[in-house]
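> Each protein sequence line maps, in turn, to chains A and B. Following my numbering, the numbering of the first sequence begins with 1 at its first residue and continues without gaps. Following my numbering, the numbering of the second sequence begins with 1 at its first residue and continues without gaps.
These are computed hints drawn from the structure, not numbers from a lab. Heads up, a few of these hints could be off.
Claimed, not checked - For lysine-lysine, the following DSS-like pairs were computed, each having C-alpha atoms within a straight-line distance of at most 25 Å:
1) B:K15 / B:K142
2) A:K302 / B:K15
3) A:K44 / A:K169
4) A:K335 / B:K92
5) A:K106 / A:K205
6) A:K169 / B:K57
7) A:K87 / B:K54
8) A:K335 / A:K69
These numbers come from a predicted model, not from an experiment.
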Amino acid sequence: MDNSVGTVKPKIMKSNSPLKLISGKELGTVEIVYETYGELNREKSNAILICHALSGNHHAAGYHENDEKPGWWDNMIGPKKPIDTEKFFVVSPNNIGGCHGSTGPKSINPKTNKFFGSDFPIVTVNDWVNSQKILMDCLEIPAWKFVVGGSLGGMQSFQWAIQFPKKIKNAIIIAAAPKLTAQNIAFNEVARQAIMKDPNWKDGKYMEHATAPNQGLALARMLGHITYLSDESMGEKFGRELKKSKLDFNFDVEFQIESYLRYQGEKFAPNFDANTYLLMTKALDYFDPVKDYGDTLFQKIKASNTNFLVLSFTSDWRFPPIRSKEIVRLLMNCKKNISYAEIKSGGGHDAFLMENHDYFEVMSNFLSEN
Amino acid sequence: MAFRKDLLLISSWIKPNTTVLDLGCGDGELIKILIQEHSIHGYGVEIDLENIKKSIKNKINVLQMDIDSGLSEFDSNSFDYVVLAQSLQVVKNPKNLIDEMRRVGKEIIVSFPNMGHWSSRLNLLLQGKMPVTKNLPHSWYKTPNIHLCTIKDFLIFCKDNNYNIIETSITNNQQKSNMMVKIFPNLFGAVATFRIN
């Protein structure tokens, strides 16, 4: 396999010291599943943290044994790729509250010996950064050379610079926003309602009933998916194309886009967890460092030596360029080193996951020069 | 590496440890000079992604924005200097931009190629063609230069708008000043640079 990190195996970090959450609740023990690519150099100065978005996980690059598809950011991470694993040591964890191996709703609650389910406490971007810091300490990494993320991942990268300014040399914030708008929250709420109105929701204790609200989760994913694509890219891919040659005058799947969305939802639901979906959307809704920190935000950022790269995509309407510019403005007012580029792409919000010559070149230049 | 002489002139006008916004920064050369020479903190603004890539490669802070749509991303009085080096002629609305520059910067520096230079005048007078000269190398149909002016035009423009010019430098094609440039700046000056507050 050319330019691939090859076959990878997830690792698990266990921490027995309790993690205090922003909500006031506490997780007694924390497990974080993660993958690493490349080698940590002797000076321990080449580590990159990858932060995943809403439905992402720790499997960012390479192939799991017997898998045909690589990790979610394989086009970005690998030998001679923008995040060059010949130069960098890349750490990619699954966030707590996730459903791919890190402590989350699918874990057993030690207090009850049952699945956490909907009892899993609400986690915030701030909590994720704290848990990633535990992983960093465990791997004996003194500071991240880069923290990189798109969308919700970009928010984590931003949060790192606020929370641990001395532990992050460069932050790359892609297709993100400093907080959600009412419209963003509205979409998340519809997604949550779709899940919680599913007859198999069972107050979030569906695992105890050996079932899952997959209809609702699939609907949530369908809705999300629409907001990740642009009108332009949907039009190009599907237009008004029909599955059959003529209209049937019924409510079955008729247009290609309907079929595609259903397929996306059905493919997603069995491999994800409804409680995790709720948690991730809440973390998005709650993210608002300007409000959380007030005036101290500026002091915190001013005190840091972090260099920033902020990227947006022209057709992204979930977090459009104007939202990234809010981050730019904030950082500029703190006199930070920051560069900003608006990448031309028809790919919508999902453009941050797609191969794009301009995008990758900007990333490569920033990663190799800082 | 040899720096552009017109940028070195601008650099000589900038005080150390100040903040600078460079509009149309190209590959970030001016900001790079200013960091080296005067330890400034600055940002370049560019619309062209290829220049953005080069600036990032040069380790210069660069922001991809369109200066033709104003400087709304920048707070009033947020920079000591706002510079527009040899780009005045490409902007859609020079007056709007200069007003915006004055809002954002405590002092502004503007330079442009002088359309009143003898070579341009001769081009038009003798050949009856739109001038194509060393400083203005594009044919009329593919030039990015849509608001060319002479030094005299610019001085009238500043007077009409009450822009206070505090320093002027006119240089010839070799980026130098000489007797002819001093006596007939609008005829022998190739590049004009103004400091306005």
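> Quick one: which hint numbers does this structure break? Sort them smallest to largest.
Checked against the structure, the hints that fail are numbers 1, 4, 8, while the rest are satisfied.
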